[in-house]
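**Student:** Read top to bottom, the protein sequences are chains S and R. The first sequence begins at 1 in the numbering used here and counts up one residue at a time. The second sequence begins at 1 in the numbering used here and counts up one residue at a time.
For the record, the hints were derived by calculation from the structure and aren't laboratory data. Since the structure is predicted, the reported quantities are computational estimates derived from the model, not experimental observations. Keep in mind that a hint or two might mislead.
Unchecked claim - Computed cross-link-like contacts, DSS-like style, restricted to lysine-lysine with a CA-CA straight-line distance of at most 30 Å:
(1) S/Lys-14 x S/Lys-83
(2) S/Lys-9 x R/Lys-56
(3) S/Lys-14 x R/Lys-42
(4) R/Lys-67 x S/Lys-83
(5) R/Lys-56 x S/Lys-83
(6) R/Lys-42 x R/Lys-2
(7) S/Lys-57 x R/Lys-2
(8) R/Lys-56 x R/Lys-67
(9) R/Lys-42 x S/Lys-71
(10) S/Lys-71 x S/Lys-9
(11) S/Lys-57 x S/Lys-14
Here is how the chains run, residue by residue.
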Amino acid sequence: DGGITQSPKYLFRKEGQNVTLSCEQNLNHDAMYWYRQDPGQGLRLIYYSQIVNDFQKGDIAEGYSVSREKKESFPLTVTSAQKNPTAFYLCASSDVVDTEAFFGQGTRLTVV
Amino acid sequence: QKEVEQNSGPLSVPEGAIASLNCTYSDRGSQSFFWYRQYSGKSPELIMSIYSNGDKEDGRFTAQLNKASQYVSLLIRDSQPSDSATYLCAVKGTGRRALTFGSGTRLQVQP
Chain S
1 DGGITQSPKY LFRKEGQNVT LSCEQNLNHD AMYWYRQDPG QGLRLIYYSQ
51 IVNDFQKGDI AEGYSVSREK KESFPLTVTS AQKNPTAFYL CASSDVVDTE
101 AFFGQGTRLT VV
Chain R
1 QKEVEQNSGP LSVPEGAIAS LNCTYSDRGS QSFFWYRQYS GKSPELIMSI
51 YSNGDKEDGR FTAQLNKASQ YVSLLIRDSQ PSDSATYLCA VKGTGRRALT
101 FGSGTRLQVQ P
């Protein structure tokens, strides 16, 4: 079954903690993306990667970090520098940057 | 001015009617346009893509693109209660290698 898998589905973070959200795809896509969605809002781009070992900041990269060591994997770390991390995080991938992007099921992060 | 604008709704239509969802974008050089459907609490699902001026039909869905007016729309014929969701317009602009999303239009189909 081809697709994009995000884990965990729900994540709780204490103040001052770093947490890492997992994103794995078996679609053989080159490009991968992280978006954040707040209630009633659209998606805002955090980071994206077009190729292994390369990634670029999106519109709201502050307080986040990523790595792209394997084509299949693009984990997102939410650091303690992100002051308002409670949101729905969505990972997506596409074949080449001009074609359709497909999403994982999302991770809902809550600060407790 | 937002890069991709949508009316937040809700847009309410009776079952069986045509729902018309609209989106405008600011980057005149944009080449790729997408419509996603998002049910509450779920991730977006791609339903249509369009790259050329005109209409593109897929089942009950028709996407319409007018690059001169910087306008893209989605028509849903024979609307069903299961179509009730938020519809996100996404655009790939020039010099940007990721999609920019509008804030979405919430559609309610009344039985």
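**Student:** Assess, step by step, whether the Cα of S/Lys-57 is no farther than 30 Å from the Cα of R/Lys-2, and give holds or violated.
**Tutor:** holds, 19 Å
**Student:** Measure nothing beyond the straight line between the CA atoms of R/Lys-67 and S/Lys-83; if it is 30 Å or shorter, mark the hint as holding.
**Tutor:** Not satisfied, since the Cα-Cα distance of roughly 39 Å exceeds 30 Å.
**Student:** Taking only the CA atoms, is the gap from R/Lys-56 to S/Lys-83 under or equal to 30 Å?
**Tutor:** violated, 43 Å
**Student:** Holds or violated: R/Lys-56 and R/Lys-67, Cα atoms, limit 30 Å.
**Tutor:** holds, 14 Å
**Student:** So if I understand the rule, the pair passes when the alpha-carbon distance is 30 Å or less; does S/Lys-14 with S/Lys-83 pass?
**Tutor:** holds, 12 Å
**Student:** Keeping to a limit of 30 Å between CA atoms, is the pair of S/Lys-71 and S/Lys-9 held or broken?
**Tutor:** Holds: S/Lys-71 and S/Lys-9 sit about 22 Å apart, inside 30 Å.
**Student:** Taken at face value, is the distance from the CA of R/Lys-42 to the CA of S/Lys-14 at most 30 Å?
**Tutor:** holds, 24 Å
**Student:** Straight-line Cα separation of S/Lys-9 and R/Lys-56 no greater than 30 Å?
**Tutor:** violated, 35 Å
**Student:** Measure nothing beyond the straight line between the CA atoms of S/Lys-57 and S/Lys-14; if it is 30 Å or shorter, mark the hint as holding.
**Tutor:** holds, 25 Å
**Student:** Given the proposed pairing of R/Lys-42 with S/Lys-71, does the C-alpha separation stay at or below 30 Å?
**Tutor:** Holds, because 25 Å separates the two Cα atoms, which is no more than 30 Å.
**Student:** R/Lys-42 and R/Lys-2: Cα distance at most 30 Å?
**Tutor:** holds, 25 Å
The structure fails to meet hints 2, 4, 5 from the earlier list, while all remaining hints are met.
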